[in-house]
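There are 4 protein chains.
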Amino acid sequence: MPYLTNIVARRIQWGECDPAGIVFYPRYFEMFDASTTALFERALGMTKYQFTNAYGAVGYPMVDTRARFLIPARFGDDVIIETTVAEFRRSSFDVRHRILKDGKLAVEGSETRVWAVRDKADPSRIKSQPIPRDIIARFEAG
Amino acid sequence: MPYLTNIVARRIQWGECDPAGIVFYPRYFEMFDASTTALFERALGMTKYQFTNAYGAVGYPMVDTRARFLIPARFGDDVIIETTVAEFRRSSFDVRHRILKDGKLAVEGSETRVWAVRDKADPSRIKSQPIPRDIIARFEAG
Amino acid sequence: MPYLTNIVARRIQWGECDPAGIVFYPRYFEMFDASTTALFERALGMTKYQFTNAYGAVGYPMVDTRARFLIPARFGDDVIIETTVAEFRRSSFDVRHRILKDGKLAVEGSETRVWAVRDKADPSRIKSQPIPRDIIARFEAG
Amino acid sequence: MPYLTNIVARRIQWGECDPAGIVFYPRYFEMFDASTTALFERALGMTKYQFTNAYGAVGYPMVDTRARFLIPARFGDDVIIETTVAEFRRSSFDVRHRILKDGKLAVEGSETRVWAVRDKADPSRIKSQPIPRDIIARFEAG
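In order, the protein sequence lines correspond to chains A, B, C and D. Under this note's numbering, the letters of the first sequence match residues 1 to 142, in that order. Under this note's numbering, the letters of the second sequence match residues 143 to 284, in that order. Under this note's numbering, the letters of the third sequence match residues 285 to 426, in that order. Under this note's numbering, the letters of the fourth sequence match residues 427 to 568, in that order.
Rather than coming from a laboratory, the hints here were simulated on the basis of the structure. Accuracy of the hints is not assured; some may be wrong.
[Said to hold, decoys possible] Between beta-carbon pairs, the in silico distance windows are:
(1) A/86 with D/559: 38 to 44 angstroms
(2) B/279 with C/364: 41 to 47 angstroms
(3) B/265 with C/286: 38 to 44 angstroms
C-beta atoms are modelled at their ideal positions from N, C-alpha and C, and glycine is treated no differently.
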């Protein structure tokens, strides 16, 4: 059974585009990061500020990410971003994003992140930790 | 009679915040730029891509802007951005923004922009031009 | 006697420009923030990570900032950013920036910041605090 | 024989980091984009503005990119970015980036881009085109 999927609708902004008039591709990764958070916020019913505090985490830093750009988008274009978790492992998980423009796949993204906490021995450091079971359960309930 | 006001509701994103955990202030100017565009899009019933093409303009570059930061906001905070044109002049205009958090004024911004077109003699250059009268009329109708 | 001035030379990047082909103005505030930090790093002989830790501070959040844009810059343009502290007060200070392109003033920025620490009673909050005297002294020595 | 490699040294900025205190990963893609341009600028002895105009191109939009994040970096960290073209094909090419911190591989990036021009039939569209032979030759000469 697939995990919860979240959908974000947004308009491409002028400031996200480059001199070619299309989205400067690092902005897609900003959209993906916001989309992963929107998915977690929906699954957990809390903002990221709330759930990182509730679980004593610092977030879910990126380990590996990839994106393919199929159709360019420009300012004023309305897009849909579909985001879902493809797999939860012990302390890492995979997310998939699909950006659709006029119903067609424009950008495809995948990412592997780890659930992370501050290292108690050295709070300036971050380390991965098992994803709380009840968090995963909230994605299954979808 | 005041000009049209537009309101944007948004959640502060993780990626907009800095190591202090609060919004990195240049991001507020990105929000303001998007808010000015949202106001124009609402007034004109077209996206910025559509109205810049319809009027042969390249946009409304910034001439002078100021912002005061009263209450910090952090990721997960929901804010309201109120945007209105304070004054239209021949080829320049003033915009005012107010960002509210929990109903309180958190950030206040003002900006002076010019209506700009490509210079026909040298398309690599941009120059100001009178704001089309029917554009101003659409802000009055609000 | 004026305080220490720092100069940063940089090339405008493609990703800092918008569909009009010129710098998207919020990027100038990113440049200013980096320039203020470069000035502090030079004055104190430490990186921002080092001096915020050394002084138990979280940084110098922005209170009020303004910029005037006189000459547009586009990707590939080489600019010079001159940054200096105009005034130190008890817990706040004013910074001035001048961006020069081909020796001419292209952008002028001013900012008021506060020296900030975490609130011991509530570490999720930030509060201003007097600027350490020896920090100010390092700007005078220049 | 490998193609020209370019090296960029830079300090991680406060504004590039997130509330966890480490680089917000989309900023690495901004660094990669600037590094690819720095490589082209060095190979061709022109700025991107100059060489896109000289060759009638709009740039080299991204088709596919991936990055792996091995060691986190935070504001104040000095990193080295090594960038090289792995392969030139007819109208696309592959770039490799390695970000080193304290001599250790911190981030690894790869990208496939296309050489692009405006579509003469519809200037609002961008299309790929064979990479000029003399551009490739400049990367071999290194």
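Taking the hints in turn, this is what the structure says about them:
1. In this structure the hint that residue 86 of chain A and residue 559 of chain D lie 38 to 44 angstroms apart at CB holds, the actual value being about 42 angstroms.
2. In this structure, residue 279 of chain B and residue 364 of chain C meet the distance hint of 41 to 47 angstroms, their C-beta atoms being roughly 44 angstroms apart.
3. The hinted range of 38 to 44 angstroms is satisfied by residue 265 of chain B and residue 286 of chain C, whose Cβ atoms lie roughly 42 angstroms apart.
Of the numbered hints given earlier, the model fails none.
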